[in-house]
Amino acid sequence: MKIETKFLGEMNIEENEVIQFSNGIPGFENIQKFVILPLEKESPFAILQSIEHVEVGFVIALPFVFKKDYEFDLSDEDKEELKITDPEDIITYSIVTLKEPFNSSTLNLQAPVVINHKHKIAKQLVLQDSNTNPLRYPIEGGMS
Amino acid sequence: MLVLSRKKDESIMIGDQIELKILSVDGDQVKLGIVAPKNVKVYRSEVYESIQQQNKESLNISKSLLEQISKKNI
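Protein sequences, first through last, are from chains U and S. The first sequence begins at 1 in our numbering and counts up one residue at a time. The second sequence begins at 1001 in our numbering and counts up one residue at a time.
It should be emphasised that the hints constitute simulated quantities derived from the structure, not laboratory data. A couple of the hints might just be wrong.
Stated by the list, open to error - Below 27 Å or equal to it, Euclidean Cα-Cα: the simulated DSS-like pairs (lysine-lysine) are:
| # | chain 1 | residue 1 | chain 2 | residue 2 |
| --- | --- | --- | --- | --- |
| 1 | U | Lys120 | S | Lys1038 |
| 2 | U | Lys79 | S | Lys1041 |
| 3 | S | Lys1031 | S | Lys1007 |
| 4 | U | Lys6 | U | Lys99 |
| 5 | S | Lys1056 | U | Lys6 |
| 6 | U | Lys67 | U | Lys118 |
| 7 | U | Lys33 | S | Lys1056 |
| 8 | U | Lys79 | U | Lys6 |
| 9 | U | Lys41 | S | Lys1007 |
| 10 | U | Lys68 | U | Lys79 |
| 11 | U | Lys41 | U | Lys2 |
| 12 | U | Lys118 | S | Lys1041 |
| 13 | S | Lys1063 | U | Lys83 |
| 14 | U | Lys6 | S | Lys1063 |
Unchecked claim - To give a feel for the contact side, a few chain U residues facing chain S, derived at Cβ under 8 Å:
| # | residue |
| --- | --- |
| 15 | Glu4 |
| 16 | Met11 |
| 17 | Phe21 |
| 18 | Ile25 |
| 19 | Leu39 |
| 20 | Phe45 |
| 21 | Val54 |
| 22 | Phe58 |
| 23 | Val59 |
| 24 | Pro87 |
| 25 | Glu100 |
| 26 | Gln110 |
| 27 | Asn131 |
| 28 | Pro134 |
To be verified - With the C-beta cut set under 10 Å, the calculated list includes, among others, these residues of chain S facing chain U:
| # | residue |
| --- | --- |
| 29 | Arg1006 |
| 30 | Glu1010 |
| 31 | Lys1038 |
| 32 | Tyr1048 |
| 33 | Gln1052 |
| 34 | Ile1061 |
| 35 | Leu1066 |
| 36 | Ile1069 |
Glycine residues also receive a C-beta, built at the ideal position from the N, C-alpha and C atoms.
All chains should be modelled from the sequences, with the hints used to inform the complete structure.
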């Protein structure tokens, strides 16, 4: 199917690439269907694009690239909700807040986006402890 | 909004399974104890609001910044 994207123009995506966020994401609770659009090959960044709302397109990044010891607990309820049986089924992204200059951009480590790519379901978690996992973690330093 | 007055060590029930208890009151600070089933998420509301706010802010992306990150490899 064809979708309009915020940054990459019109794109053709497969139905089975659509990822369902049953609760939406905080601030956009009614928007539930997204796709992940890669940028350059080897880039740690990608776009999380709503398939219905063209203006809702986030830049996301693989957090472990920027913070090697990043970790958080996944509750049993979250595991159940996301139908996680095998850790290999999930991929975690962080939403990036881009700022000019680029080095002042931040990653949201307090609210990781956890995707079960096998079942195509996902959720943005809200972690309680913003000291260990900051809402605005500086991107600077993680880039080579 | 339903408004109830409670004293220290008193509590209220929300439904059958959620209990809110006043543990202490010190000046303008109230310490609450919350008993709820595991599937009920309990947050300080500013935590959830700050995530909502950050998500909204992160949608402001300039074309030039996007071009910069497209070129960045690890």
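So which hints don't hold here, by number, going up? Numbers 8, 9, 13, 15, 16, 17, 21, 24, 27, 28, 29 and 30 - these are the hints that the structure violates, sorted from lowest upward.
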